[in-house]
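Chains as they are written, first to last, in this note's numbering: chain V, 1 to 295; chain Y, 296 to 590; chain D, 591 to 865; chain A, 866 to 1140.
Rather than coming from a laboratory, the hints here were simulated on the basis of the structure. For each residue, glycine too, the CB sits at the ideal point set by N, CA and C. Be aware that one or more of the hints could be misleading.
[Stated by the list, open to error] Among the chain A residues that face chain D by a calculated CB cut under 8 Å, a handful are: (1) D995; (2) S1047; (3) E1050; (4) G1074.
[Stated by the list, open to error] Here are a few chain Y residues that sit away from chain V, every Cβ distance over 10 Å (derived from the structure): (5) T313; (6) L581; (7) R585.
[As the list claims (entries may be wrong)] Covered by chain Y, per the in silico footprint, the following chain V stretches (three or more residues, Cβ under 8 Å): (8) 22-35; (9) 178-187; (10) 192-206.
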Amino acid sequence: MRFLAYILRQTGKNLRQTWGTQIMTLLTVTLSVLIFAFFFLIYTNMIRASERLGNDVRLIVYLDQEVPEQMRPEFEKKIRDFAPVEKIVFVSRTEAFAKLSAQLGKEKDVLNDLGPDFLPPSIEVYPLKTLNDLTKISQFSDFLLTLPHAAKVQSGSDWLRRFGYFTNLLRVVVLLSAGLLIISMTFIISYTLRLTVLSRQGELEVLRLLGATSAYIRLPLLLEGMLQGLLGSSLGLAALYSLYQWIANRFSGPGFLKLFDITFFPPEITAGILLTSIVLCTAGSLFSIRRFIRI
Amino acid sequence: MRFLAYILRQTGKNLRQTWGTQIMTLLTVTLSVLIFAFFFLIYTNMIRASERLGNDVRLIVYLDQEVPEQMRPEFEKKIRDFAPVEKIVFVSRTEAFAKLSAQLGKEKDVLNDLGPDFLPPSIEVYPLKTLNDLTKISQFSDFLLTLPHAAKVQSGSDWLRRFGYFTNLLRVVVLLSAGLLIISMTFIISYTLRLTVLSRQGELEVLRLLGATSAYIRLPLLLEGMLQGLLGSSLGLAALYSLYQWIANRFSGPGFLKLFDITFFPPEITAGILLTSIVLCTAGSLFSIRRFIRI
Amino acid sequence: MLYFINNYCNIMYYSSLAAIRRAFPPSDKKGFHMPRDASTEKPLVELVNVTKIYPPDVVAAEDVSLRIYKGEILFLTGTSGAGKTTLIKLICCLETPTRGLIEVAGRNLSRISSAGVQRMRQKIGVAYQDFRLLDKQTVLQNIAMAMEVTYASPKLIRFRVEELLELLNLSDKRDKLAGELSRGEQQRVALARAAANGPSLLLADEPTGNLDPVATELVINLFRYLNERNGTTIVVATHDESIYADTEYRVMSLSKGQLSAHPSRAPHQIELFEA
Amino acid sequence: MLYFINNYCNIMYYSSLAAIRRAFPPSDKKGFHMPRDASTEKPLVELVNVTKIYPPDVVAAEDVSLRIYKGEILFLTGTSGAGKTTLIKLICCLETPTRGLIEVAGRNLSRISSAGVQRMRQKIGVAYQDFRLLDKQTVLQNIAMAMEVTYASPKLIRFRVEELLELLNLSDKRDKLAGELSRGEQQRVALARAAANGPSLLLADEPTGNLDPVATELVINLFRYLNERNGTTIVVATHDESIYADTEYRVMSLSKGQLSAHPSRAPHQIELFEA
Ligand SMILES: Nc1ncnc2c1ncn2[C@@H]1O[C@H](COP(=O)(O)OP(=O)(O)OP(=O)(O)O)[C@@H](O)[C@H]1O
Ligand SMILES: Nc1ncnc2c1ncn2[C@@H]1O[C@H](COP(=O)(O)OP(=O)(O)OP(=O)(O)O)[C@@H](O)[C@H]1O
Ligand SMILES: [Mg+2]
Ligand SMILES: [Mg+2]
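Bound-form chain V, shown alone (with noise of 0.2 Å):
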């Protein structure tokens, strides 16, 4: 009881004597939880994007000819034995220009002059989500062009292109902002370690010399070290979550950009995180009174 009693008084003692370290600690450990979840969910978003990107990918091959009912399970399987794909769709001439209008909606006027002949038949080819890598994707669409009467194929490859030097950019963007941050939050990590060290040293030392316990030491940073793990944490997932809160509003796109919404974490994670950062906030402050305590 007596025991249990010293130790909290002795931890709020500690926090009252050193609050200006306190909060700075604080910070550093919000401020590292906010940042290492706000790189987490940059990475988990981009990957769900490329993800669905994968769903998008479709190849078009244009042909100079209708192909007849009866040879289509033969082009499918010719298809297929070249590489994975979900699903193939025939569209004739008819069909083509139904969907184009379709599309053009109150502009379909447009193609009145032409005859509903004009564009060509085609096959869509959608690939397997596993076909997502742009060599692959160009090799596929070289093979299709083989095709008999097939005379053209339209890969989405410049789109695609682009796209995907975007994200490589955004990655490399992402993944140096990240390095970088990590680095700093060495820094300030092995910083606020050491300053924490020196304004504790001399009471420490005092307290061994006086025949201080590892517990009566120890207990006390332990709280203090789980508190701030708990506290910090909490507040830089807040301030992680508001963020995102302003970012989703921004960006709450037309229906097209859904391949971009971006989702917060679910609670598991965000429980990993408190979890995480409270122990290693506890072993840091234990690490920190390494050399006063004789092993």
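Chain V is fixed; fit chains Y, D and A with the ligands onto it per the hints.
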């Protein structure tokens, strides 16, 4: 003479005695310069890319009949009255067909079935660079649709919107990262200053007690600060340059990707960064001893 | 239960201190405990052939053998740099001997665990030569700290600190920061902290170096009082001849790390104490 | 040019110190300077009605008036907490008086610039009661520091440090870290640092608190030597009666911040010095 010798000797002694702190400070400066220059580089390149993007904007008005030569000035006047425009090009059916078959190159056989008349005539409008905002462009495009015989306006707004969406997202990511980094750097720098103060405190106090003049105390610290600034920012810029080289090599894509070409700082800016960091480091080291020098 | 009785007794004895202060005039030396027969009683502290060499080559103690019995007061003298502080640090486990054996309360210090050292330190009060006070805490907090590490009750702490401060003429400084006291005041605070826990062994390193004769007398009276009432064993390292000049307590002298009886002592007294 | 002559003289006088050390047995007190007539000579240090109150209410000096003449040796005594250290800090501008006027070498300390204070401190050697040594630097570096701030030549520094260390019996500790010395050794290093610059005023705060009688004599001889050869004015704050008990130098006593002649002094002597 003796004065100078003393200052130099004192500087050397300081560097030797506190090399641990000195190296940490040097790395801090390097990191700060690297981070700020990194985001500055991204920012300047982003601006340049969006300028190039502006050059690419083009609105195509598809018409349901050709505009006779003598009507063209009238059309031009109407358009120019609505918004400042750089260039207006009238494309007839034949021209459009010729252009398309030139674009298709080897694959122009696809067009064999279609007469040279199947493409509609059009007017290509190149707005001034100042018109670089999506809502303005769509207003302009709405206006163009009111021209006589205009059937459809293609403003490239789909592509533009995707691109715009991306640059915006990139900008937000860059700005947020930069913000987080600035906070981190503030932390690191304040910690560095605190540690410097703590590590020097004893010596500076004793020096004051012994009657050291401000010059005796300050000049070595000034020299040190300048050295730190010079070395740190050189290292930081060198690191950034290596990064830049790496990215530039990795992303030296085909011609059509010129849009995203990144360039390094011109020498003036490099020199500016060097100078600024020298000044800041010197100011910082003066600031850190301020409390030991009576005013 | 035992704990509370013990506390209660402590309160009793401390509350009588202020009165006793007048009851023990400095010249009244009836409090001298004769050491017990060396052959029958186990000494509280025993050093056997202890040598301490600070790297690379500073010999601070050389082949020192010493027994300190329970209830004794021992004066350690010696020129500056003779090794007094080193000897005290060896006893409270702040330094480890290069060679030799040290036993405190029957426990070999070279085999004691970290927790054991801490438990031992709770029962040894040390007034360091450089005080080791926390400048940014008040006098009260500095002294209380020594009792807090043993989980003493706040009431007892408060009570005992007041008594000790009154005894050392520092009552008006209780809430001042230790760093803002004069050196002599700090020295007395360091002593009060060493005595706060009612230690069974009190090591005082140069306890009167910054004190005027009046304050010195207060300190000597405190030592004598602790020794008589509590049976506290006290080791005082000092240069101040006025303290030990005509005392009946044992005086040992260190010279370049070597221990001997003080030259002013009679030979028969020397034989009584040497192992 | 003058600078070098001065240095040269300094070297001369220091090199003879070792010899002179034997030439001045401690009892030989021929070196006493009678103070000049107060009405004709300007004092080196003058305090007029100086009061120092530490916030909120600690009166460390109350209406103190004191003149210290060039070439004098003055002992300041007083119980612990009387205000001796405060008086010394006031003279070297480490504290500012709450009321009153302090002049050192004719300059009013309340009007002196920061650079002026620093120039003044170069000519005042202070041995602080808590030493203020840099624990992580060697003895040599600690002492040299005092001379380096005046841009003395490295050769002179080296030479003088050696002499001072020999004089204080510390030659073998020259390259040890100050933090690893015994307290008594540290105290002598602090004194050596105060004397290193050949100051015209030497303030020694409790300079023998951690010293045995032999080392104390070395210190007293150093004071006497500096005073006689250099005309250094010396103020010694001390409790050690053995130093000032039968000296012919002036002894002043502080009590709760109030200054008076020491009670053991004859009344006619008091009148001679009081302003
Ligand atoms: N910085 C300070 N802040 C507040 N009070 C102080 C400060 N320094 C000294 N005092 C108080 O002023 C009084 C005189 O202190 P001072 O150090 O001058 O005494 P002293 O004569 O040197 O004593 P000692 O012999 O113990 O060194 C003491 O009561 C002390 O507590
Ligand atoms: N940590 C250390 N490292 C190296 N040498 C040390 C250390 N501590 C003490 N010494 C040396 O050991 C010798 C004895 O030191 P000690 O402190 O025991 O002397 P002391 O008798 O207490 O002297 P004083 O009366 O001056 O306090 C001295 O020469 C000192 O320089
Ligand atoms: Mg000692
Ligand atoms: Mg004092």
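Handout entry: Violated constraints from the hint list, given by number and in increasing order
Key = Hint check: nothing fails, all pass.
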